[in-house]
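Engineer: So you can see what is in the structure, the chains are spelled out below.
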Amino acid sequence: MLKLRHLLIIPLLILLHSSAFAAKLRVITTYPYIASLVKQIGMDRVNVQSLANGQWDPHVIIPKPSYISKLRRADLLVINGAQMEIGWLPPIMQQANNPKILQESAGFLDLSKQIKLIDVPRGVSRAEGDIHPDGNPHYYLDPYNIPPLYRAILKKLCELDSLNAEYYRANYAQFDKDWKGRLKYWDGQMAKLKGTKVVEYHKNYDYLLRRYKITLAATLEPLPGIPPTSKHIEEVEQVIRRTKAPLILHDVYNSDSAARYLSGRLGIRIVKLPHDVGAVREAEGIFTLFDEIVRRLTR
Amino acid sequence: MQKGILLLCLLLMPALAAAQTEEKEIAAPAGSPFNQTKFVPDIALILDFSYVHRNLSDEQYRTSKLPEATNTLDEDKTHGKDNADLNSHRGFNLNYAELTFSSVVDPYFNLFANCELTETGFALEEAYFTTRRLPAGFQLKAGKFLSGFGRINEQHTHYWDFADRPLNYLSFFGISGLNEKGAQLLWLAPMDTYLQFGLEVLQGENGSSFGSHGYNDVDKTVTVKTAGEPNAYVGFIRNSFDIGNLTVLISASGAGGKCRVNSGLDTRGEEGYALHGSTLVGGGSLLLKYQWDSTRSISLQTEYLYREMDAARYQKDSADQVAKYDLTRKQSGLYAQLVLKPLKRWRAGVRYDLMDRNRIQTDDPSAIAPPEGLCRYTGMLEFNPTEFSRLRAQYNYDRSKYTEDGPGYHLRPNHEVILQFNLAIGAHGAHAF
Numbered sequence: 001m002l003k004l005r006h007l008l009i010i011p012l013l014i015l016l017h018s019s020a021f022a023a024k025l026r027v028i029t030t031y032p033y034i035a036s037l038v039k040q041i042g043m044d045r046v047n048v049q050s051l052a053n054g055q056w057d058p059h060v061i062i063p064k065p066s067y068i069s070k071l072r073r074a075d076l077l078v079i080n081g082a083q084m085e086i087g088w089l090p091p092i093m094q095q096a097n098n099p100k101i102l103q104e105s106a107g108f109l110d111l112s113k114q115i116k117l118i119d120v121p122r123g124v125s126r127a128e129g130d131i132h133p134d135g136n137p138h139y140y141l142d143p144y145n146i147p148p149l150y151r152a153i154l155k156k157l158c159e160l161d162s163l164n165a166e167y168y169r170a171n172y173a174q175f176d177k178d179w180k181g182r183l184k185y186w187d188g189q190m191a192k193l194k195g196t197k198v199v200e201y202h203k204n205y206d207y208l209l210r211r212y213k214i215t216l217a218a219t220l221e222p223l224p225g226i227p228p229t230s231k232h233i234e235e236v237e238q239v240i241r242r243t244k245a246p247l248i249l250h251d252v253y254n255s256d257s258a259a260r261y262l263s264g265r266l267g268i269r270i271v272k273l274p275h276d277v278g279a280v281r282e283a284e285g286i287f288t289l290f291d292e293i294v295r296r297l298t299r
Numbered sequence: 001m002q003k004g005i006l007l008l009c010l011l012l013m014p015a016l017a018a019a020q021t022e023e024k025e026i027a028a029p030a031g032s033p034f035n036q037t038k039f040v041p042d043i044a045l046i047l048d049f050s051y052v053h054r055n056l057s058d059e060q061y062r063t064s065k066l067p068e069a070t071n072t073l074d075e076d077k078t079h080g081k082d083n084a085d086l087n088s089h090r091g092f093n094l095n096y097a098e099l100t101f102s103s104v105v106d107p108y109f110n111l112f113a114n115c116e117l118t119e120t121g122f123a124l125e126e127a128y129f130t131t132r133r134l135p136a137g138f139q140l141k142a143g144k145f146l147s148g149f150g151r152i153n154e155q156h157t158h159y160w161d162f163a164d165r166p167l168n169y170l171s172f173f174g175i176s177g178l179n180e181k182g183a184q185l186l187w188l189a190p191m192d193t194y195l196q197f198g199l200e201v202l203q204g205e206n207g208s209s210f211g212s213h214g215y216n217d218v219d220k221t222v223t224v225k226t227a228g229e230p231n232a233y234v235g236f237i238r239n240s241f242d243i244g245n246l247t248v249l250i251s252a253s254g255a256g257g258k259c260r261v262n263s264g265l266d267t268r269g270e271e272g273y274a275l276h277g278s279t280l281v282g283g284g285s286l287l288l289k290y291q292w293d294s295t296r297s298i299s300l301q302t303e304y305l306y307r308e309m310d311a312a313r314y315q316k317d318s319a320d321q322v323a324k325y326d327l328t329r330k331q332s333g334l335y336a337q338l339v340l341k342p343l344k345r346w347r348a349g350v351r352y353d354l355m356d357r358n359r360i361q362t363d364d365p366s367a368i369a370p371p372e373g374l375c376r377y378t379g380m381l382e383f384n385p386t387e388f389s390r391l392r393a394q395y396n397y398d399r400s401k402y403t404e405d406g407p408g409y410h411l412r413p414n415h416e417v418i419l420q421f422n423l424a425i426g427a428h429g430a431h432a433f
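Protein chains in written order, with my numbering: chain A, 1 to 299; chain B, 1 to 433.
No lab work stands behind these hints, which were simulated from the structure alone. Be aware that one or more of the hints could be misleading.
Okay, the calculated bits of chain B under chain A, using three or more residues with CB under 8 Å as the criterion [unchecked claim]:
no., region
1, 164-175
2, 188-195
3, 242-256
4, 296-310
None of these values were measured; they are calculated from a predicted model. We treat Cβ as the ideally placed atom computed from N, Cα and C, and that holds for glycine.
Just chain B, with the same shape it has in the complex (with noise of 0.2 Å):
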């Protein structure tokens, strides 16, 4: 037995040594006339880790809404979230792990796209290329990419000044922004100061605002057909313009797009809902940041953001009834913060968030006037250690956040805390304004 052993070594052994020296050529590529690790594009990963300590039982978080914001979750459940926002447990939270890749494809286009992993998924965010060489200021980008709506939902979670979106963008948008599939024509006038034009045309599948895919319910007495795909179209113009150390950036949107969302119509035994109308969302935004000098500066931004939704509601009860009635949202709210960086690695802020209206029209009888001035407190400290690195602590007292258990909205007041680490490693490119 045993020299059979020692003669199957010897055996082995010059295929050992084969592989050896097959591993050695493949270290040393430079020989090869073939070879291509030069044009392996900028890879980066960005891991976004926190403690999260709050009032709430991850239960009671999980089932405080905004009232009549969201219409369903499920289009979360596509960006492989797991129907959870950031830090969306108590203890610690593994928010993401972003991979991004970028690079020239060759003289008329760039390539850029972002995977989010999560601990059960994988999700592609962003997926898109940009035109090079378009002449007269004209840019046109294509794919799946984060809309250039406002002025945070075009930006990274990571490169936002609070670890959260604001109340106004998560009512309207949900909790990955408007995120879609389309095209973006972009147009830069050839000023001194910076006016810029654009255009997007969505596929329009964002679960909050928009939706297109038709349904009926399960005895067919209701069937809402398909929208026609493309479904949303956004606008912006935005104008920026420096005052000696003072720089000024205003923005307006608007996006509108028909609105399809089913809940559950479909289900046969349980309650459910069903949408059918269209909505139309404006925006405006301010940013001033005064900059004493290159690491100390202090910035003033805000958005308003305004929705109004005309829809059919279909309602089920458990007995597969299904009731049809008409139902207006007008809705709007707005964040405002101060950042205030007084030396090179610190930041210090304050936010607050108020969701000022929220009216219904409806004609069904057992609908109760939801809410209205929701609000939240944020404070937040920041220490970053270099440019990749970033330990961030903050507070939010939130209002905002309803049950329905029973009749009508109970108001859920939350306290939190989030430390947030926020790393980079690999091709992390600059950021822009």
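Isolated chain A, as found in the complex (with noise of 0.2 Å):
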């Protein structure tokens, strides 16, 4: 009974320890790109990190149980939606068991609702692969898209802190007055690719394709989520040869192989290309993500 008695005291202890902190609201966020939007936002008064790793296929992250943990503290939780988490997020949140950041709680925000997604699929089979009900997920690979997120940021951290609100809208004019000048150096240099036809691993940016009137030939998947067969890279090819594609637009998570072999064949350029913060080195930051898209796809 001594003993029982004793590890009682052990959770006594932590929550004691863990009192000690407080006042930074804790943002937890399901990928870097939403952590980089909230700090632009927060700056140095919100404490935030993202669950997945940018290098990550953002489809298939492995949920550890130390994620359980983050989760169980935070004060809001930012996720990207449309589907894209749902095939790790929900029992990571179901085990955090953290009231505050339920679905219909005011710690839970989803970006995707600020966003009109477009390839909505009018009937949903698996038979047509791992499609998402809702649209493209990846809306945020469109930089004119990121305004609405950050601002619904700002509006979430005013509203479960409002004594910051002046700071956060500050730190939000100063951020969307960079944006809007950046946004016009990015369609400088995307305009030289209006009008060409790429082909695509997976569809990850038919946002910034339809933004800058690029025109998607053809994706390496058969389907989405199958990996490329060679019945399906002998089409793609035919699909090259017809349309004089220059560029296939490559994550940096799939195998390259497929697109390596069209490459060798047909002397069409690889674009390996960030999909979000920390992607690749010189994404290290929103700015610099979209900096680096640009800068890899007109080169």
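Build the complex from these two chains, which are given one at a time in their own frames, with help from the hints.
Structural biologist: If you want it as structure tokens, here you go:
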């Protein structure tokens, strides 16, 4: 019985220890680009951390127990939404058991609600591969879709931490100005690619292509989530020959053997693009993510 | 006569037409002010089907046992499995079709149910609720559920890295694992490293280690009262931390309770036995998982389990004479498995099972010391076309099963190949780590 009593002291000690900290709003984001946006608005008055690493495939994040502990103490959870996290986040949220960040709680923000998604399928069948019933979830890779996201983050931070609202608004105003200035530069650079036909591995960059009037000729995946097959690659080869597409847009996490095969036969250029902050060394924040995408595409 | 039929058709026509329009209205329920179709819970169906080839015949396989391990298979009957574990027949096996339902109940509760459908039966494997809004990191679960003891017990069979249960779990908790009615309280420490404490109060009906129902022999010379219910208690601690791309998860668990087992003591004219005592099971687990990236990983998982059972054993012969002996079992075993995922769709693994200790102490003069060092070697290769389908080939060389024909134990080595097909449709949720 003595032993049991000793065990009960452990939780008490931990509770006391943790209450020594406090004050700063704890924000957890699913992906690094969201953490970068929160950082722009919250600066050093919020404590922000991303669960996923930017080098990983955003669809298949392996849920570690440490994520549960992070969510356990979060005041705010910001997600990409549009079913991007469906394969890994729900059990973590369930186990973290934090009433502040439940779907219906004030401390939960789904950024996809700010954007009108494209490619919403009419019917849904898994025969078509790993499809997203709500539409293409990679909406944040269009720089024009970023402002609605940080506006939503501003609103949420002000709501949860009204004492610092003025501070957040000032950061927002500066960031908004900088972003809009940068958009002009990116527009100028990307204008060179207008009308170009490209091939993608997965439909990661469709919002960006649409924004800058670049046409998608084919994807290396026969169906979303299904790796390239030799038969499909033959078909893609015919499409590239016919359309004279000069670029294959490739992510950093899937095998590029199919792309290299096509490049070897047809001389088509492979452009490895970051899909998130941290995916490549240069993309260390939200500005440099787009700088690097634009630089690699227009090189 | 023909006219009669014609007339009947004419009479029926308006009725048929009315039925048709009614159907149309049902097909478009959006207009109904009481439509509830949007509240349908998440439903999934998971099929497990296999082809098995082994050197033992089905009869030999069925009568081969882990010595001094499982007390009774009666418990497993209640799970609708007809005393059969997964992959128990040569040739084709329809292991199960698992039908799961889950949803938020209201702002305060989640509900989950898992029905295991077999060819001949239906079993409610799990049905429990969890709380959503308890403060300070507490969570309560109650209903029937797989205990959080150890690592593998809580996982559904289709989430395992191999097609079958490790020997130590099979020995101490039987073919359905520690799956009980009860309540569980979890507490997650508010720290950066994952530290969780769990306490469970269980009905304690597990036929391999616990059991609460009392019994008599046929002549009522022996009467054992039903144990106080709930009858079993489980506690566990889990801790996990990351070192770069390496995730470490360790856990320690304990389960204790009264043991009441009756296997034929009340059946006239046949041999039977019963146990009356208490059981303690302790366990420790370690998982190391290293991720190169989101598709490639390697993981090492091992669990060590120890059981101590103190009981009175009642042995009845076919003339219904009952003798009473003291019985103490001290048993332990481990499994260790290494699983490599070199590509997005492929996995390969090896596993080693060992029941190292199998000691019994008894004053029964006819008792024979059971064999120790029971082992099994396993290899598997898996192809996962998508996260919803899996094809797995597994080979087992099993040196753990014995027969008790005649005096003593006789080893029955078993070579088996299992081709497993596991497919899921519907709202198949993401899995925990």
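Engineer: If a hint holds in the structure, say so; if it does not, say that too.
Structural biologist: Checked hints:
1. 164-175: violated (count 0)
2. 188-195: Per the Cβ count (8), the hint holds.
3. 242-256: It holds: at least three residues are needed, and the region 242-256 of chain B offers 3 whose Cβ sits within less than 8 Å of chain A.
4. 296-310: That given contact is violated, which follows from only 1 residues of the region 296-310 of chain B lying within Cβ reach (below 8 Å) of chain A.
Checked against the numbered hints above, the structure breaks hints 1, 4 and satisfies the rest.
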